[in-house]
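**Q** Each chain, written out:
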Amino acid sequence: MTELTQYALSSKSGFGRLALLVFFLGPAVVIYAAFSVYPLIATMALASFTTDQAGAYHFAGIDNFILLLTDKDWRGPFWNALGNNALFFIIHMLVQNPIGIAIAGLLSLPALKFRATYRTLIFMPTMLSVVIIGFAWNLILSPLWGVSEGFLKFLGLGSLFKPWLGLEGSALITIGLISVWQFVGIPLMLIYAALLNIPEELVDAARIDGLSHFRIFFHVKLPLIMPTIGLVSILTFVGNFNAFDLVYAIKGALAGPNFSTDLLGTFFYRTFFGNQLQLGSPTMGATVATAMFLIILMGVCIYLFLIQRRLERHSF
Amino acid sequence: MAGTWENTKMKSMFYKAALAATALVATAVIAQAGNLKIESWRNDDADIWNSKIIPAFNKAHPDIKIEFAPTAPKEYNAALNARLAGGTAGDLITCRPFDASLELFNKGNLAGLNDLKGMANFSDVAKSAWTTDDGKTTFCLPMASVIHGFIYNKDALKKVGGTEPKTMEEFYTLLEKIKKDGTYVPLVLGTADQWESATMGFQNIGPNYWKGEEGRNALIKGTQKLTDAPYVATFKELAKWGPYLGTGYQAQTYPDSQNLFSLGKAAIYAAGSWDISTFRSQGSFEMGAFKAPPPAGQSDCYISDHTDIGIGLNAASKNAADARVFLDWMSTSEFAEIFANSLPGFFPLSNAKITVKDDVAATFLSWRGQCKSTIRNSYQILSRGTPNLENELWNVSAQVINGKMSPDDATKQLQAGLAKWYAPQK
Amino acid sequence: MTRRFGPFAVHTILIAYSMIAIMPILLVVMNSFKARKAIFGAPLAFPSSETFSLIGYSKVLGNSNVGMFFFNSVSVTLISMAAVLLFGAMAAWALAEYRFKGSTLLALFLSIGIMVPIRLGSISILHTMVSLDLINTRLALILVYTAQGLPMAIFILSEFISQIPKDLRDAARCDGVPEIAIFFQVIAPLLRPAIATVAVFTVVPIWNDLWFPLLLAPGKETQTITLGIQQFIGQYVTDWNSVLAALSVAILPVIAIYLVFSRQLIGGLTAGAVK
Numbered sequence: 000m001t002e003l004t005q006y007a008l009s010s011k012s013g014f015g016r017l018a019l020l021v022f023f024l025g026p027a028v029v030i031y032a033a034f035s036v037y038p039l040i041a042t043m044a045l046a047s048f049t050t051d052q053a054g055a056y057h058f059a060g061i062d063n064f065i066l067l068l069t070d071k072d073w074r075g076p077f078w079n080a081l082g083n084n085a086l087f088f089i090i091h092m093l094v095q096n097p098i099g100i101a102i103a104g105l106l107s108l109p110a111l112k113f114r115a116t117y118r119t120l121i122f123m124p125t126m127l128s129v130v131i132i133g134f135a136w137n138l139i140l141s142p143l144w145g146v147s148e149g150f151l152k153f154l155g156l157g158s159l160f161k162p163w164l165g166l167e168g169s170a171l172i173t174i175g176l177i178s179v180w181q182f183v184g185i186p187l188m189l190i191y192a193a194l195l196n197i198p199e200e201l202v203d204a205a206r207i208d209g210l211s212h213f214r215i216f217f218h219v220k221l222p223l224i225m226p227t228i229g230l231v232s233i234l235t236f237v238g239n240f241n242a243f244d245l246v247y248a249i250k251g252a253l254a255g256p257n258f259s260t261d262l263l264g265t266f267f268y269r270t271f272f273g274n275q276l277q278l279g280s281p282t283m284g285a286t287v288a289t290a291m292f293l294i295i296l297m298g299v300c301i302y303l304f305l306i307q308r309r310l311e312r313h314s315f
Numbered sequence: 000m001a002g003t004w005e006n007t008k009m010k011s012m013f014y015k016a017a018l019a020a021t022a023l024v025a026t027a028v029i030a031q032a033g034n035l036k037i038e039s040w041r042n043d044d045a046d047i048w049n050s051k052i053i054p055a056f057n058k059a060h061p062d063i064k065i066e067f068a069p070t071a072p073k074e075y076n077a078a079l080n081a082r083l084a085g086g087t088a089g090d091l092i093t094c095r096p097f098d099a100s101l102e103l104f105n106k107g108n109l110a111g112l113n114d115l116k117g118m119a120n121f122s123d124v125a126k127s128a129w130t131t132d133d134g135k136t137t138f139c140l141p142m143a144s145v146i147h148g149f150i151y152n153k154d155a156l157k158k159v160g161g162t163e164p165k166t167m168e169e170f171y172t173l174l175e176k177i178k179k180d181g182t183y184v185p186l187v188l189g190t191a192d193q194w195e196s197a198t199m200g201f202q203n204i205g206p207n208y209w210k211g212e213e214g215r216n217a218l219i220k221g222t223q224k225l226t227d228a229p230y231v232a233t234f235k236e237l238a239k240w241g242p243y244l245g246t247g248y249q250a251q252t253y254p255d256s257q258n259l260f261s262l263g264k265a266a267i268y269a270a271g272s273w274d275i276s277t278f279r280s281q282g283s284f285e286m287g288a289f290k291a292p293p294p295a296g297q298s299d300c301y302i303s304d305h306t307d308i309g310i311g312l313n314a315a316s317k318n319a320a321d322a323r324v325f326l327d328w329m330s331t332s333e334f335a336e337i338f339a340n341s342l343p344g345f346f347p348l349s350n351a352k353i354t355v356k357d358d359v360a361a362t363f364l365s366w367r368g369q370c371k372s373t374i375r376n377s378y379q380i381l382s383r384g385t386p387n388l389e390n391e392l393w394n395v396s397a398q399v400i401n402g403k404m405s406p407d408d409a410t411k412q413l414q415a416g417l418a419k420w421y422a423p424q425k
Numbered sequence: 000m001t002r003r004f005g006p007f008a009v010h011t012i013l014i015a016y017s018m019i020a021i022m023p024i025l026l027v028v029m030n031s032f033k034a035r036k037a038i039f040g041a042p043l044a045f046p047s048s049e050t051f052s053l054i055g056y057s058k059v060l061g062n063s064n065v066g067m068f069f070f071n072s073v074s075v076t077l078i079s080m081a082a083v084l085l086f087g088a089m090a091a092w093a094l095a096e097y098r099f100k101g102s103t104l105l106a107l108f109l110s111i112g113i114m115v116p117i118r119l120g121s122i123s124i125l126h127t128m129v130s131l132d133l134i135n136t137r138l139a140l141i142l143v144y145t146a147q148g149l150p151m152a153i154f155i156l157s158e159f160i161s162q163i164p165k166d167l168r169d170a171a172r173c174d175g176v177p178e179i180a181i182f183f184q185v186i187a188p189l190l191r192p193a194i195a196t197v198a199v200f201t202v203v204p205i206w207n208d209l210w211f212p213l214l215l216a217p218g219k220e221t222q223t224i225t226l227g228i229q230q231f232i233g234q235y236v237t238d239w240n241s242v243l244a245a246l247s248v249a250i251l252p253v254i255a256i257y258l259v260f261s262r263q264l265i266g267g268l269t270a271g272a273v274k
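Residue numbers (numbering that gives the first Met the number 0), protein chains in the order written: chain A, 0 to 315; chain B, 0 to 425; chain C, 0 to 274.
Treat each hint with caution, since some may be false.
Claimed, not checked - Here are the simulated lysine to aspartate or glutamate pairs, DMTMM-like style, with alpha carbons at most 20 angstroms apart: (1) Lys71/A x Asp408/B; (2) Lys36/C x Glu285/B; (3) Lys64/B x Glu220/C; (4) Lys317/B x Glu74/B; (5) Lys106/B x Asp51/A; (6) Lys219/C x Glu285/B.
Claimed, not checked - Negatives, chain B to chain A, calculated, CB over 12 angstroms: (7) Asn105; (8) Ser122; (9) Lys178.
Hint data in this document are derived by calculation from the structure and do not stem from the laboratory. Because the structure is a prediction, the values reported are computed rather than measured. Where a beta carbon is used, it is the ideal one built from N, C-alpha and C, also for glycine.
All chains should be built: construct the whole structure from the sequences, respecting the hints.
**A** This is how it looks when you write it as structure tokens:
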């Protein structure tokens with residue numbers, strides 16, 4: 000805070016200062032607290048209750064959590080979903096972010112024609128609803144209608160074709176790649192902007208020293224955008240561990256084949272709202288939700304305390 | 000000058016909000032007088048309700064306005080439960096069979112309908128899906144059942160010189176013929192969505208093995224286990240189907256299956272009777288149907304005749320009297336006639352004698368007279384615990400057809416899951 | 000040596016990836032103009048004179064409610080975005096500018112919303128809306144979406160505001176301009192580039208959301224376009240022509256908003272929204 004700000008604030012009466020803060024922060028905090036935080040807390044509080052046949056609630060402490068972690072029929076699906084989420088996250092870190100960085104690097108090359116067109120086209124999938132994405136990719140990958148099979152045959156690779164979305168070994172990876180296709184625009188956008196922020200002089204100096212664009216990217220640009228890459232990573236983490244819509248649209252709440260595409264999000268949905276003959280259990284659903292929240296919180300804290308500190312922020 | 004800009008914006012926002020709230024309250028008050036809203040997952044039927052059913056009712060009762068307001072099927076259970084919890088659900092609620100609706104009744108969301116005059120038009124079997132365990136209270140009016148079997152493309156069978164199979168052995172002979180001929184995919188069933196494997200696979204041919212209601216009630220009583228011979232035999236049959244399904248059937252979704260058959264690319268479609276109307280509107284070839292063939296040497300046959308849709312009264316409805324009038328009308332033969340003929344494949348459960356004009360639907364209906372009817376064996380009581388038997392059934396049926404699980408392992412997993420929480424099976 | 004990664008290679012890679020990005024969308028739009036049989040009979044084929052069909056579009060656009068659906072989607076999205084921007088900027092300004100006891104805690108409190116999907120609290124939100132008598136209103140959706148979008152917006156805008164040179168603010172204070180005016184007259188205009196960034200993160204999830212319209216505003220007058228499309232998807236039968244036509248029509252406004260904002264978007268990012 001500058002001296003003048005301090006002066007501006009302190010020159011007001013206590014009430015005036017409070018009024019100022021309430022004015023600026025009030026609307027956001029009230030709406031957020033009333034319609035986001037309070038419902039979340041109210042829902043997660045259900046995790047410490049159980050229901051009986053008539054729907055009445057009884058306090059149960061941490062019984063639900065113990066059930067989730069020890070009972071064979073709860074911990075199996077839970078750890079399976081958690082493992083799938085981890086794999087989902089790894090796919091995004093290994094495919095989505097490097098592609099985003101690479102394309103951002105290409106787009107930031109000086110004197111590139113059609114830059115805006117490429118940017119728009121590559122960003123488009125991010126704007127689509129999962130209904131379109133689910134339909135389009137189901138159609139493309141379907142063994143019945145020949146789209147991807149025909150394409151592979153055209154390349155002479157017809158024997159490689161498999162019904163990937165239907166096989167346990169490949170279903171999750173396939174959906175992960177579809178998700179990468181959908182969301183690559185976001186890291187692309189953020190990293191592209193970070194690259195644009197690098198001053199011309201640094202790049203020019205390196206050019207004068209005779210470095211190729213390639214080397215400039217790896218030795219000059221990349222180290223400078225590390226904080227943005229860190230941000231992208233943590234956003235990817237949060238987004239992946241909350242993922243639900245795409246799997247739900249393509250595979251339904253039962254996330255087959257044989258739960259190989261089951262994520263914490265679909266596991267939560269099934270538990271909380273029910274699925275077919277399985278009745279929804281708000282209490283166990285809240286337990287799963289709380290577990291999800293704690294997992295994500297843990298990940299964010301690990302990132303903040305271990306990684307964020309070590310990233311240098313460069314201001315120009 | 001300083002505060003005016005944001006002041007006007009805030010003010011106008013406040014007034015807008017106040018206006019909106021007032022308008023909403025006003026319309027809410029108006030909307031409630033004599034209007035009935037029906038909750039349903041049958042998006043497909045919206046046209047029929049609006050053009051046939053509701054006008055027919057209004058001829059006799061012009062003062063009762065009805066709105067059929069379906070929700071997409073995937074979201075129906077979740078959205079309905081949320082609306083009931085929030086008090087915004089409609090007056091009439093389309094009921095899923097058995098536990099999903101029983102739970103609503105136990106929580107006080109559905110009203111008891113024992114006193115409804117029209118209830119006398121339904122048999123005990125029809126009502127069983129919507130009656131409490133002790134048999135004392137019925138909480139939904141039965142609407143329709145669906146029957147399972149196999150629909151086939153007449154051209155395809157003609158091409159290979161095949162006839163409707165009377166036994167399972169003949170069934171495979173026919174499939175072999177079609178496969179050798181190569182023009183048509185022999186059997187249509189995809190495992191990607193999993194439910195078809197259980198519903199049009201296991202529950203379709205199974206009743207012939209576990210003798211319909213005998214087997215089903217034995218499971219409930221605990222005198223039969225899921226690892227017994229009839230159930231293993233059913234899975235053994237399903238395990239044979241893989242080679243006759245389309246290539247890549249593991250990624251074949253339900254819409255894919257429908258399209259495959261209606262485009263004339265396949266010969267036999269493992270069916271629920273609801274698909275008759277789908278193929279009528281989309282297909283351009285002659286269709287026939289045969290029931291699930293029993294194994295050779297077995298003289299009696301069983302069909303899956305599953306009580307599928309009911310309709311109940313929201314206990315919190317403000318128009319309960321009008322709603323009961325409508326429910327009474329739905330138990331008449333007039334409603335049954337309109338419903339059965341507008342939606343061939345959904346068979347009204349009332350005792351009224353009706354004629355079904357669609358020939359394939361009539362074929363399905365005729366099986367009621369030839370074979371004994373049964374409902375799907377996982378629906379009553381047995382899917383109340385964790386792990387959920389129906390979900391498990393979907394899972395293992397798909398795996399068995401995919402060749403990823405042996406019939407023995409499948410039944411072992413089902414039995415272990417059931418025995419874990421269901422006392423009679425322990 | 001510098002030519003090793005020549006322009007030809009660069010453009011090839013970019014074109015290839017652009018194709019991957021665009022093809023599925025083109026597939027949907029192209030097939031929306033074909034008769035149902037032709038969609039699955041030959042998905043890659045262009046609509047020919049035999050297969051060309053506008054039946055999907057006529058059903059969708061002929062449906063008298065489509066205009067209202069669009070109006071609902073557009074109004075809810077734009078008003079929510081405006082609320083998120085206004086309240087978010089105000090809050091971000093206070094957090095960045097005024098240090099007070101508990102400001103870091105408040106900042107952390109506000110960022111929890113980024114980590115947890117708002118859907119978890121659905122039932123409770125429904126109860127709240129019922130008690131406020133806001134069921135089947137667009138206002139209910141606006142309130143929920145605003146609450147959903149605020150955390151991310153505040154996060155982005157805080158970073159952005161901290162980049163604004165302190166001299167500007169101090170100069171205004173020297174002139175004796177009141178605090179509120181400083182925000183609206185000095186700071187707010189400078190935030191224009193950041194609007195695009197926040198818009199993208201806010202608009203797309205709102206436009207494509209199915210869940211909250213289903214829960215809070217399923218009435219005929221308040222349905223959004225995403226919810227409206229669902230009527231073509233039945234339990235067993237899907238009206239593919241109408242679904243594809245509706246999907247194609249629903250993409251257009253989002254793309255339009257993006258094109259309008261994309262210039263601003265990069266401008267906003269490079270001006271230091273996120274580092």
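**Q** Given the hinted pair lysine 106/B and aspartate 51/A, is their Cα-Cα distance within 20 angstroms?
**A** 10 angstroms, holds
**Q** Need the status of pair lysine 219/C, glutamate 285/B: alpha-carbon distance at most 20 angstroms?
**A** Given that 20 angstroms is the threshold and the Cα spacing comes to 40 angstroms, the pair is violated.
**Q** Verify the proposed pairing of lysine 71/A with aspartate 408/B, using a straight-line Cα cut of 20 angstroms.
**A** 18 angstroms, holds
**Q** At 12 angstroms, judged by beta carbons, does serine 122/B keep clear of chain A as stated?
**A** The claim holds: serine 122/B sits with its nearest Cβ about 23 angstroms from chain A, beyond 12 angstroms.
**Q** For the pair we were handed, lysine 36/C and glutamate 285/B, check the Cα-Cα distance against 20 angstroms.
**A** 17 angstroms, holds
**Q** Mind verifying the non-interface call on lysine 178/B? Its CB should be farther than 12 angstroms from each CB in chain A.
**A** Lysine 178/B is indeed farther than 12 angstroms from all Cβ atoms of chain A, at 17 angstroms.
**Q** Given the proposed pairing of lysine 64/B with glutamate 220/C, does the C-alpha separation stay at or below 20 angstroms?
**A** Roughly 18 angstroms between the alpha carbons, so the hint for lysine 64/B and glutamate 220/C holds.
**Q** If you draw a straight line from the CA of lysine 317/B to the CA of glutamate 74/B, is it 20 angstroms or shorter?
**A** Violated - the C-alpha atoms of glutamate 74/B and lysine 317/B are around 25 angstroms apart, more than 20 angstroms.
**Q** Is the Cβ of asparagine 105/B farther than 12 angstroms from every Cβ of chain A?
**A** Violated, because the least Cβ-Cβ distance between asparagine 105/B and chain A comes to about 6 angstroms, which does not exceed 12 angstroms.
Violated hints for the displayed structure, listed by number in ascending order: 4, 6, 7.
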